[in-house]
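Visitor: Make the full structure from the sequences, and use the hints.
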Amino acid sequence: MKRKYLILLFTVLLLSCERNSDTDVILFKFYGDAYEDIGYSISKSEGGYFITGQLTQVKRDITASGTLIAGSTKKMGIIRTDSEGNVIGKLQLAGGKLPGSGTRVITMADGTAVAAGFVIDTVTSQKDIFIVRLDADGNISSEKIFKSDGNQYSTDIIKTDEGFLLLGTTDVKREPVSEATGNAAGKKDILLLRLDNSFGSISQIPAVGFIGNEEGAAIKQELTGGYMVVGTTDRSDRPSEQAGNNIFLFRVNEDGSTTQPRIVGGTLNETAADFEVLNDGYLIAGTIGTEGGADQRGYIWKIPLNIYDAPEFQGKIDIDLSSDVETSFSINAMCRYKTNSFLLAGQHGTGLSSRMLVLAVDAFGTMMEGHKKIAGGTGTQEVFDVISDEENNVIAVGKNSYENNSMITFMKFRF
Amino acid sequence: MPVSMRIRHPFSDFSGILLTSFIISFSLVATGQETSTCAENLKNAQALFESGQVEKVPEMLQSCLKSGFTREEQLSAYKLLIQSYLFEDKLSRADSTMMDFLKKNPEYELSPTDHSSFVNLYNTFRVRPVIQLSVHLGTNLPFLTFIDKHPAMGIPGTSTYTSKALNLYGSLEAKYELTGKLELNVEAGFSQIKFTNTEGMPGLEDAEFGKTTYNESQNRIELPLSMTYDFKTFGRFTLYGRLGAGPALNLSTTATVEHRPSYIGGGGVLRTGSDLSRNDSRIALDVFTQAGAGIKFKIRGGYIVAELRTSAGFMNQVIRGREEAAEVENELASFYMYADDDFHVNTSNFTVGYTQIFYKPSKRK
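These protein sequence lines map, in sequence, to chains A and B.
Here our numbering is used: the first residue of the first sequence is 1, the next is one more, and so on.
Here our numbering is used: the first residue of the second sequence is 1, the next is one more, and so on.
Hint data in this document are derived by calculation from the structure and do not stem from the laboratory.
Don't take each hint at face value.
[Said to hold, decoys possible] Distance condition first, Cα-Cα at most 25 Å in a straight line; then the derived DSS-like pairs of lysine-lysine:
hint, chain 1, residue 1, chain 2, residue 2
1, A, 59, B, 175
2, A, 74, B, 211
3, A, 90, B, 211
4, B, 194, B, 181
5, B, 149, A, 90
Small disclaimer: the values here were computed from a predicted structure and weren't measured.
Guide: Have a look at this one:
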């Protein structure tokens, strides 16, 4: 009898101990202050992550009626976290007194990191490319501003054998200006900087682009040497054939010369977000439709190794597998996931109902069942970068906004 | 303009009062007469007993035993009736009357003036409490332990847990006497648990940019099995202690949250919203141990009780990552920048109550 009661008690205890597995748990962390803080890039590091983006430094005045915000400056922010997103040290502001923002952070083999972005010259009010080196603890060890005419800012940076290859944008006028050559002042071209390990300039590669705006989204090393750049070109000047934005890609040789420019797309207003280099080509993720509009959809292109061949496949990503209703979403980032699949991240919905979106697709751009995460609450949320690790954790960074305040948002989970 | 007037009859109020007074007076007189008749019957029955006409006593008392006697008169009447049956050697009648007497007066204690025949018969009976039923009502003071912080902010800020003393606690308890001093108790209690966590949100350069205040309210049923032991009795007071354990079933958990900026202007706005259900983020069943002490004051048929208890929960209350809870957890994180800490729920409660003792008299074998 006593044994029966013990078994009953044990059963009750067992049933009451509900599973508290962390596999489905979304871990959120927020960083920032009053006003607008945005996370644009995340990189895995020893025992945690580096994050860069925009941190707004606020000036406080303590008065009899309370603390007043007397002013603010948006700056490049750098955050070193542990694996749970807890800040190691403190939130760091780079660029001294200059306004700016971080756009990409990469981790070196020795555990240090390099963050790229821009600062704004307070005299000319124009942007200059800005690079920061960080030690393994996230402390700023050196900074370099690339002073130049016009607005120049960095969108990506990769490590190369000789140092770094920085992908940026410039709006300096380039002659001769024609439909297929040059650039009018104020219009953006894609800029590449070859840098040595001390951020010294090896060469500035001539800007690439057409008469409209071009912006590089990402640069990646090819499997057979050289580099591939994918970005967006504004072909609003050719409304009947290309209407609005198209995908723009070109190759960069080891010596820094650029070759094989190619425009992909038509009248869908295509914008590139990111891409991955495959054995047999390139998988490009982006968005079609009106920016911020209800017709926005994530889109994927498989471009063969011969980039002048027609895409192997392309199409809208179906994230509403069990429904005929298509929801609006945009893609801002892409990374590899597990062995032969990819994570795409961006924003689900538009306006006040927009949420953070991360989904996984297979090599054909088809969403994997059960691999869609929409997260967020009142306010608006968006992912700007995503990475995954060997334990299949998904780590995303972006922003969480409500009224005039937004916070850098770190999100970690497993599907 | 025509005016409609209702003229009240001058005697209408007066007649009502008169009628009411008559009814009340009639009932008082009737009751008074009955009481006075039964009191006289008791006097007459005593006189008959003393004159040796014991066979007439039952007839004289029977009707008034059902109703009409005061408590003291009823005691005397039962004793007289029992003694009459004993004198008449009607032992089974005496037994059944003694049984009736003890059912109505289970806590009767013999007095020196009781007749020896009554005392002898009384001693052939035993009166034991079968069960005691208690009602407790009071207040809970919840407190949390084993708090494992999981702040939503990347830089943890201040976090202060507080709770208010006024939380409803009420229970029904059945007590079984194991020995003279030891009782086994089964209880079902309703417990309200409210606590607040106020978290400071650190911004840049050690400044705090806001505070999130999270208020949680749990309603649960507690089902402890406990033992109480009477340590000391002085006069009508008894001090006792309690040890027990049992499950607690969570009926509902709700939360109200607000995020208040620590600055004026600059886009900082108060963030509030509707109550959030936390049922999907809390365990449904906890197990707790209980220790307490109290004092009980003996009154006729039971006790007035005051007790102080502490219950310690065994389990972490928080479940994370349930699909059903995702929406609320996302709202807590995104809008209020708040995430649950792991914690155990414990309570201290103070109650007052009443215990009714149910006796069962029986003939000794």
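Visitor: Under the criterion that the straight-line Cα-Cα distance not exceed 25 Å, is the pair residue 90(A), residue 211(B) satisfied?
Guide: holds, 20 Å
Visitor: Is the Cα-Cα distance between residue 194(B) and residue 181(B) 25 Å or less?
Guide: violated, 36 Å
Visitor: Can the restraint linking residue 59(A) and residue 175(B) be considered satisfied, given a maximum Cα separation of 25 Å?
Guide: Measuring from Cα to Cα gives roughly 67 Å; hence the hint is violated.
Visitor: Check whether the Cα positions of residue 149(B) and residue 90(A) lie no farther apart than 25 Å.
Guide: holds, 19 Å
Visitor: For residue 74(A) and residue 211(B), compute the direct alpha-carbon distance and say whether it is at most 25 Å.
Guide: Answer holds: residue 74(A) to residue 211(B) is near 23 Å, not above 25 Å.
Of the numbered hints given earlier, the model fails hints 1 and 4; all others are met.
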